[in-house]
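Chemist: Each chain is listed here by its residues.
Number of protein chains: 4
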Amino acid sequence: MLKIGVIGYGYWGPNIVRNLADIKEAKVQAICDLNPEIVKRLKEKYPYLKITSDYKDIIQSKDIDAVAIITPVSTHFELAKAALEHGKHIFVEKPFTANVKQAQTLINLARKKKLTIMVDHTFIFTGAVRKVKELIDNGTLGDLNYYDSTRVSLGLFQHDVNVIWDLAPHDFSIIDYVIKNKPVALTAQGVDHIGRGKENIAYITMYYDNNLIVHINVNWLSPVKVRTTLIGGQKKMLVWDDLETDEKIKLYDRGVDVKNKEGIYRLMVDYRSGDMWSPRVDHTEALKKELIYFAHCIEKNETPINDGEAGLRVVKMLELADKSLRAGGKLIKL
Amino acid sequence: MLKIGVIGYGYWGPNIVRNLADIKEAKVQAICDLNPEIVKRLKEKYPYLKITSDYKDIIQSKDIDAVAIITPVSTHFELAKAALEHGKHIFVEKPFTANVKQAQTLINLARKKKLTIMVDHTFIFTGAVRKVKELIDNGTLGDLNYYDSTRVSLGLFQHDVNVIWDLAPHDFSIIDYVIKNKPVALTAQGVDHIGRGKENIAYITMYYDNNLIVHINVNWLSPVKVRTTLIGGQKKMLVWDDLETDEKIKLYDRGVDVKNKEGIYRLMVDYRSGDMWSPRVDHTEALKKELIYFAHCIEKNETPINDGEAGLRVVKMLELADKSLRAGGKLIKL
Amino acid sequence: MLKIGVIGYGYWGPNIVRNLADIKEAKVQAICDLNPEIVKRLKEKYPYLKITSDYKDIIQSKDIDAVAIITPVSTHFELAKAALEHGKHIFVEKPFTANVKQAQTLINLARKKKLTIMVDHTFIFTGAVRKVKELIDNGTLGDLNYYDSTRVSLGLFQHDVNVIWDLAPHDFSIIDYVIKNKPVALTAQGVDHIGRGKENIAYITMYYDNNLIVHINVNWLSPVKVRTTLIGGQKKMLVWDDLETDEKIKLYDRGVDVKNKEGIYRLMVDYRSGDMWSPRVDHTEALKKELIYFAHCIEKNETPINDGEAGLRVVKMLELADKSLRAGGKLIKL
Amino acid sequence: MLKIGVIGYGYWGPNIVRNLADIKEAKVQAICDLNPEIVKRLKEKYPYLKITSDYKDIIQSKDIDAVAIITPVSTHFELAKAALEHGKHIFVEKPFTANVKQAQTLINLARKKKLTIMVDHTFIFTGAVRKVKELIDNGTLGDLNYYDSTRVSLGLFQHDVNVIWDLAPHDFSIIDYVIKNKPVALTAQGVDHIGRGKENIAYITMYYDNNLIVHINVNWLSPVKVRTTLIGGQKKMLVWDDLETDEKIKLYDRGVDVKNKEGIYRLMVDYRSGDMWSPRVDHTEALKKELIYFAHCIEKNETPINDGEAGLRVVKMLELADKSLRAGGKLIKL
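Residue numbers (the working numbering), protein chains in the order written: chain A, 1 to 334; chain B, 1 to 334; chain C, 1 to 334; chain D, 1 to 334.
This is chain A alone, in the form it adopts within the complex (with noise of 0.2 angstroms):
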């Protein structure tokens, strides 16, 4: 059984935690958190926890195989190079680090020290991602067209980072997944309302070839919360709304079939408009299964799908597009 240490016990931590107790592939050996209170309370409903508010009793320890690391993005770099420097394996929350150059430099090292990296890219273990990767895999959807997210809700301003590093780290790493090819191009706009210089509203379109185009739209002012893809394929479209309790899959037979290009006046489209099938999806905790799939990857000497070369191409979508918004919404080819 896979003994973990937790270092950050904020808004993520304790799902970590929770998820930890009911798997038996592994288990909480002990709980780093900086703040005072947290600690107190750790202590009063773990108390045969080890409980601490030093993140090198958990790296040091000889008790504890792996570190998650489930703090702000700032600390990330530090706190990772300690734990492989110390042995140990590492599950990172998203995004992985705050640069490129960083992420390199854990990969590598950990490639030096085989140890394991896992990225939280929880969302490709939900059963709705999985069931997208499904259908766009076996040729349902047919070739893609588009892909179109909303992430929006009134959400909690983060200090260290903007919306595009808070929210979109989702998008990158579902899109990384179900998506073989690789952006082309990137352009992001956006602003910032509070006047820290972290854009609270960000708009990020990326082109790939065959003329695929990804847009995505994250916005921690919005009145409502919106969690909506829209994909469309030249087979067929989805439509994957995260916050469906039941239907979070509708995968339409709708679209065009454009039969003569040399045709014209409206007729070189033809309109298919028949059933929508909503398939089930597996509803089971993704990060439940994200921690087992950890220990398995450790104790098989398996490469996890979301490893550090998974977290370093997030990062190096992430640099872009605040690239592209520090200059105005430049196109950035890659």
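Hints may contain errors.
Treat identical chains as interchangeable: a pair holds within one or across any two.
Claimed, not checked - Lysine-lysine pairs mimicking DSS-like chemistry, simulated, CA-CA at most 25 angstroms apart:
{"id": "1", "residue 1": "Lys62", "residue 2": "Lys323"}
{"id": "2", "residue 1": "Lys300", "residue 2": "Lys288"}
{"id": "3", "residue 1": "Lys316", "residue 2": "Lys101"}
{"id": "4", "residue 1": "Lys3", "residue 2": "Lys81"}
{"id": "5", "residue 1": "Lys40", "residue 2": "Lys27"}
{"id": "6", "residue 1": "Lys316", "residue 2": "Lys45"}
{"id": "7", "residue 1": "Lys43", "residue 2": "Lys288"}
{"id": "8", "residue 1": "Lys198", "residue 2": "Lys235"}
{"id": "9", "residue 1": "Lys40", "residue 2": "Lys112"}
{"id": "10", "residue 1": "Lys225", "residue 2": "Lys131"}
{"id": "11", "residue 1": "Lys114", "residue 2": "Lys323"}
{"id": "12", "residue 1": "Lys323", "residue 2": "Lys182"}
{"id": "13", "residue 1": "Lys27", "residue 2": "Lys50"}
None of these hints come from the bench; they were simulated from the model.
Once you have looked at the hints, place chains B, C and D on chain A.
Modeler: Coordinates of chains B, C and D only, in the frame set by chain A:
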């Protein structure tokens, strides 16, 4: 009673004719369409009207006060110019013209001839848009932070224009009506999946002074119809879902109050999450109100809010969006 | 082409006239209404039609083949009887008559005169009801367990009938059409909040052989409009939401399989929870299809599915529901 | 701090334990379950708690102040009686007992022993039900015309009770809480599709003085989950959709004003169709509030609103509903 000749009986023309039949301020005198099938059917259905396939029968008729031009945009200029030259007031389907220059020529001609131009910006006559304007004008929303419109569906591919020219005139005309300030910069992204050089998906971003950002998502290839606009103000936020029957406008007492820009770590913003309120909006058909207003403006010699200048402002934004698209999403300063 | 005289131009009559204008199998020849305002307006709008306030002008006209009776139910019998006696086919708004005896008299008269009676059970011509019938008839749903309809809104209080006679004819006619078996018992509950002796809220329960139960909830005092029917079959279940634009019918692969009736404690039923499927349904306006069918039945001398007998079966259920209500919800065996 | 022993760790027990772990007014001292698997798992998960399969270990423990009885209803009486006899306060899952007589016996025993009974009518501690009560109590809705609840889903078939005893306690306890008057008559319809003599679909109608009608639709065989209650008052109407995340309560300024009961033909009622308003409701988990309140009532020696008498009133309605069902839906006067 204003006597109107209608040119064009395709998709929108029948709605003009139906609404004119219901009001006492104006009436249809003649209808023109190029399609012999339509001419035949109209003669059967309206044996007491003049039905013709020659627009000159309309434009030169002494029995006609005003001409409704409900034809493809590429024909607007010639028809409108001829109508004005024959002393007819004109009611022109959106977008007003195919370019800014044409719009300017028509405005000048109408001014010289003392004739009225009304551009069919139907949406600004809906109860929903009127309510949005009211809530902005009376300060309920506070200064605007953003305006984000999604207008997608499985749409008819137009042969002569791209999706921006087809769908975005709605957004541009609404925004021109409800937001007093004018944009200072614009960028557009998009793609053409059919290969005719006409984009079928596009994203437009407009920047304003005071950090207001406007985003428009238009798409002819969506499996589902979405007509949702989020408007974020410093005091309140609003969702306008035009597909809702009864509750098109929802006003949220939600937002963030920035208390102290020097503050740190998540303390800088206070969240409000209060009631939601859905004001009743007028359900009268917008086109009916607009046509009554057309007759009224001519009778009283008033300048319509949706006059040629309003039409020109919309055409200008369409031109600039196209220009940005052609330049790879270049940010265009206004 | 069938020449039709329409009696009654209140709420529903204009729809009859509008649809007749669109089809080539029949046409409006004359319209009668008692309201002088309506007569005046009709004369202006349809200068080429006979407009009258005396129904005898319709019924006795030699130019008319069939009469559409679109008046309050209390007048149906007299008008229908007179029309049949003058050799006219009749199309009668639902419910057919105010009681079973009247219905029987009209059926006998039509049979003697070899004339066609069609009762306007519009819903059975909708794509949605056709699809429901298809899914029941072809065994997709399996044997039915229940049929549960909610039909509520802020409705117009009718002066001459209660909410059952106003709204439940829809349900009774649909059920009569899609369910082969006939009910064996019925009970109704309800209340009158206005004090005129006409219930404005009512609940009807019908029992069938094989444990099928039908429930109908009708209410004129609901703040929101609901038009939802749940249908549970032993193989699959169905939700028909008539307010949905595109996905009116949803078919669920959900249910319980009873494996062993001797079994105990929650082991007796297996749960299925599979995909959902929303078949495309025909969107043609039902009334148009029905009026074409009316002309067809007369021309081909065919008996309509919604003939006088169907109308009578609905009226019988309405009478029984009233009878149960008057007897404090007594269960009435059929 | 109130020390609680929990008997029963099936579906609902874990929620009791989880919420007790989060509050400071009470804590779990011991857990009992008959299932050896569960006992084993609990011992691992809570090594510092007393875990037992013998309820007497709980009831006789001197370390325990109160017992939470979270077992099938058929066992409530024996367990509750034993607990009271050993001087323990009791918190009993709904429905309180299997019949009125048992409830009365427990109430008498608790009174004699000066112990507190709380019946777990969780819903009356939700923000939504509190808001409904507030809007009724402060006169916002006006006198009630109707209360119509639909509570259906694909539910677990209970082995010892029918759907009324499983789901309707929610409705009966809410109605008992929000409506001051008590019903004067009740009727129930239903059917058993599995053949065990336990109905899985039922409809309950209750009549009150002043023309208030209550209707409850409970169904274990629905493909979709519905938790919607319509409440019609003479001033305003309300929709409570418990599946909504943010807007559970919607208040409509809609209704009819009866101006003149002598009036005729549709003139007797005026329609109001105004704004909708969705007040924010408290999102605190109801069970947590209820358990804090349990500890509070014991400490302060206050009688809970959901005491044994409230439990008895609900059980009485369940008994009467069963009695009406057995008698073919007979109307039972209270």
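Chemist: Confirm or reject each hint.
Modeler: The hints, checked one at a time:
no. : hint               : in the structure
1   : Lys62 with Lys323  : neither (42 angstroms within a copy, 63 angstroms between copies)
2   : Lys300 with Lys288 : within (18 angstroms within a copy, 43 angstroms between copies)
3   : Lys316 with Lys101 : within (9 angstroms within a copy, 44 angstroms between copies)
4   : Lys3 with Lys81    : within (19 angstroms within a copy, 46 angstroms between copies)
5   : Lys40 with Lys27   : both (21 angstroms within a copy, 17 angstroms between copies)
6   : Lys316 with Lys45  : neither (40 angstroms within a copy, 42 angstroms between copies)
7   : Lys43 with Lys288  : both (24 angstroms within a copy, 22 angstroms between copies)
8   : Lys198 with Lys235 : between (40 angstroms within a copy, 21 angstroms between copies)
9   : Lys40 with Lys112  : neither (38 angstroms within a copy, 43 angstroms between copies)
10  : Lys225 with Lys131 : both (23 angstroms within a copy, 23 angstroms between copies)
11  : Lys114 with Lys323 : neither (33 angstroms within a copy, 53 angstroms between copies)
12  : Lys323 with Lys182 : within (18 angstroms within a copy, 27 angstroms between copies)
13  : Lys27 with Lys50   : both (12 angstroms within a copy, 22 angstroms between copies)
This entry does not satisfy hints 1, 6, 9 and 11, going by the numbered hints stated previously.
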